[in-house]
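Asker: Read off the chains here:
There are 2 protein chains.
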Amino acid sequence: MDNKFEIRAWQASARELVAVAAGREPASLVLRGVKWVNVQSREILPGQDLAIAAGRFAYCGSDASHCIGESTEVVDCDGLYAVPGFCDGHMHVESGMLTPARFAEAVIPHGTTTMFVDPHEIANVLGLHGVRLMHDEAIIQPVNMFVQMPSCAPSAPGLETPGAEITPVDVEEAMRWPGIVGLGEMMNFDGVAAGNPQLLAEIGSAQIAGKTVGGHYASPDLGLSFHAYLAAGPADDHEGTREIDAISRVRRGMRAMMRLGSAWYDVESQIKAVTERGIDPRNFILCTDDCHSGTLVDDGHMNRVIKHAINCGCDPLIAIQMATINTATHFGMERELGSIAPGRRADVVLTSDLSELPVLQVYARGIKIADRGELLVQTPRIAWPESARKSVKIGRPLAADDFRVQSPPGAKTVRARVIGVIENQAPTRALVEDLEVADGAVQGDASRDVCYLALVDRHRASGKIVNGFVGGFGYQGEMAIASTVAHDSHHMVVVGTDRENMALAANRLAETDGGVSVWRSGREIAQVRLPYAGLMSDRPAEQVATEAKMMNAAISACGCSLNNAFMQHSLLALAVIPELRISDMGLVDVTHFELTGLFVED
Amino acid sequence: MDNKFEIRAWQASARELVAVAAGREPASLVLRGVKWVNVQSREILPGQDLAIAAGRFAYCGSDASHCIGESTEVVDCDGLYAVPGFCDGHMHVESGMLTPARFAEAVIPHGTTTMFVDPHEIANVLGLHGVRLMHDEAIIQPVNMFVQMPSCAPSAPGLETPGAEITPVDVEEAMRWPGIVGLGEMMNFDGVAAGNPQLLAEIGSAQIAGKTVGGHYASPDLGLSFHAYLAAGPADDHEGTREIDAISRVRRGMRAMMRLGSAWYDVESQIKAVTERGIDPRNFILCTDDCHSGTLVDDGHMNRVIKHAINCGCDPLIAIQMATINTATHFGMERELGSIAPGRRADVVLTSDLSELPVLQVYARGIKIADRGELLVQTPRIAWPESARKSVKIGRPLAADDFRVQSPPGAKTVRARVIGVIENQAPTRALVEDLEVADGAVQGDASRDVCYLALVDRHRASGKIVNGFVGGFGYQGEMAIASTVAHDSHHMVVVGTDRENMALAANRLAETDGGVSVWRSGREIAQVRLPYAGLMSDRPAEQVATEAKMMNAAISACGCSLNNAFMQHSLLALAVIPELRISDMGLVDVTHFELTGLFVED
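Protein sequence lines, in the order shown, are assigned to chains A and B. Using this note's numbering, you'd call the opening residue of the first sequence number 229 and step up by one each time. Using this note's numbering, you'd call the opening residue of the second sequence number 229 and step up by one each time.
Just so you know, not all the hints are guaranteed correct.
To be verified - Capping the alpha-carbon separation at 16 Å, the derived lysine to aspartate or glutamate pairs in EDC-like fashion look like this:
#1 Lys-439(A) with Glu-234(B)
#2 Lys-621(A) with Asp-741(A)
#3 Lys-439(B) with Glu-564(A)
#4 Lys-596(B) with Asp-364(B)
Note that these hints are calculated values from the structure, not bench results.
Whenever a hint applies, use it, and build me the whole structure from the sequences.
Answerer: Next up, the structure:
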């Protein structure tokens, strides 16, 4: 095989595995003297040897001497714990602003060897082609990066136009790709509960293919809508936040994915179902959902989530099961990965402590790929086509006047709808403000914290711009910030106190193929460069994290004191969460799922 | 649908399930006020309602009023426990001497709603065609009867000629049949550990098809052979008898199936791994392997096994998990059956007590099929072809002289190898006895408990007979017993004190298309009629059990006091268990896996 990380199916290596286990052929690697963290039996077994061949465990037991030949690498593990490589049950690579190769590079030293990835963001920009690019880069990684086919693009049909749409035909096609493990989170839970045939067809395609249907029931309502959603077939859900959410799902055969992401803290409340109520833990799974580069660099990945679960009072072995065998079983891969057992992929984390989980060495498919935080391999990348690296198409250079809101003829003030950002929350408020008119244009008002807001079509080069107003950022002075990360349609969203700076920021992102650009007084003061679909970078996580930190500092320097100003910015077009959002079709009243006007009619 | 028990896939019923759960359409059935035995969470939830549509659960929760319409049947369950229908993880229908339809009929009133069936015996008689017949009758049952493709026919290649052979090509073909869930128990564990390419190919075919590979490692040796077998891929094993057997398997990711059959008692020792050692129970599964009709009629089926596990100290909820969700998960069917949860097949046992498990009502796919032990439906049967009902072909009527063993010229006595039956054990002893010669024929000797033994080719009408001697039955007087149930090649095996009676018994079975016939002093004193492949009857279990009891009484009347004389008889040709057996090729020295002569050479 050209790629030493390429792994053959168990049956294609069975002859070799049997021969090694029987002592007729030498293993490629033997880890001697480990404490075998056995997630199958939930035991710790000291003094064990693990013999590996063809990237898989061939023998796991008390003495692998018979598997050792001249060609065998023997590693004395001196009593370290051997833990199965960690699995992330649900996550979006794009949240790290990194390509799959760079994401893998960032998380491998933290012990992650398996990820179940939903490329929902790129699907909104590039459609099936974008999913295929993520898939193709994912399957060549030295660790296991499985892809779920996104189910919902657009997220808000009829209220927005993303760069591309995913159809049931796309879903059916993707189910035949080698690295597709299921359907990505089915977010349109209202549509599913209403029996929308297109959504049920997408779910059905995944079920017919024998693959796992990801759920996303983002509501605290556990009434009929919840039960109807369950009956449609989603097999897991990561949107629970309360103990009762986890319990209600697990009782009904839907696995509870508990997330600790950069901005998600849903493990502590839900894990009480296991630690306090004694519910069978087999159906609980840990995941991250969304991790920023900074979190990956500073805090870790699944090792952070497992540690957190342990700190919440969970037995370490059970917490590890929740990020290894439980995940593997959920995706029908229990015989392929998620435990240290014969035939499984030889993905191992060596650690000296089961509570703190220091990740000393990481093996994937029997090859050491990280040592004390240092990555020992290059994560391979595909050649991304220009269509993916030149995705920001605004049609023409923009000018300040493109962001001008024309007032009704003769008006001196207008009553305008203003999106009100709420600190630490994803929902917004639908505010109404009386705004001044000058030279026929409605004016923002920094003194009352009302900024200009614009959504610039960046997918079709139409030159179309939708203007509005937003409050809550606290921006002061002449500034603007533009971003091509703008969930879920990922157009370009621009916020500013000044139209000149807005045009400068927007034009800069068009030149640099996307990302985030912050301007003050006619000068760019920070930029995060994300030229891959306008969402991701192929530079190392450290560099992206540094740029993101500088961006946050620049935002603060412009007077904003929100905890997660960029996240709030990037959600201004998320037309599925109430109350008021902006889209390429206008302002969206998400409470009523309809378009609404900028001006309040008397 | 013509067959009211036919069940569509979840996705084909999703619209209806969602509508019922949401309260837009009525359920077909609502079970009100149950104690929901929740094997997903391992809880008992009182005061719950279960709404069913399209044969599946649509809603499971505290109040199903919204699912009830004019057409809904509502059953007030008055606080009874609702338990998922019981699953048998590994079993042979032929052991009950019943066709699949008759077997289902016998076990449904005991609460069994799912069986994983390995038609290994018929495969040895009729090959792939026989497996297909079992498969075709299994898939039309009102309960779930899944078939595993037998992996090993002949069981002892090179040492016997069964009626048909199973090849890797057969296995590959069967993997495409709708009711095939995996490969049947891979019994040739020595061959697997030796890396036999044909056996590995069969395992690979099942793995490529995404199906489960059944194991059968029938040895107490947990050394290299065991580890080599594990590395080849069998996913379960029911041959463990000791606690260490179960633990060794589970630690290495092979599920431990613990059996309580008519003659297997392997739960009590192995379940200590869970009850005393605290090992995670998720990988333990209960099964029967082999149940005689009498056991089914008198003692029950999986209800008996679960009760036994509880009596061994297992928590009732965990014991029930071992016969429901654990089994379903093992076969990749957790989203299809094995729990009471939305979307799953509505297979329910109603019981008043979780320890004694009285089976009050049984529902399958939402239809009540048994009530207090009474079956409410007919189990459908296929039209079995004549080839399957006329399978006993001995070529010509036999005479006493066909069972004559010619002595070496001039000998007055000979030293002969004699198969020595051992009470309550499957292995035999390789005895050597000095036997008299009269008229040039070697004589049996009832006074020393040495009987005549013959294997009559009943598959190819060749007229071939292999003669020998057997000790240990204690038969007296002029008698003979013949059986076409003769594991694993299922030729006809005849034992007797008298050659005339042997010929009579053999000829009778040829006339009646197989079964067991007992003769004394020229009269038939008992017969079990098994015309389906010479192995099974399509009469009710009660009738077959009665005939079997009369057969046992007849055997006793002939002077035999063994506990399981018929089982010992039926294993005389089992050329895979030491020490000495008979086959159509001669005497088999199973210790050395080679043919041997009847006479000991000096």
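Asker: All the hints need checking, so say for each whether the structure fits it.
Answerer: Hints, one by one, checked against the model:
1. Lys-439(A) with Glu-234(B): Distance ~23 Å between Lys-439(A) and Glu-234(B) Cα, so the pair is violated.
2. Lys-621(A) with Asp-741(A): holds, 8 Å
3. Lys-439(B) with Glu-564(A): holds, 13 Å
4. Lys-596(B) with Asp-364(B): The hint is violated at about 23 Å.
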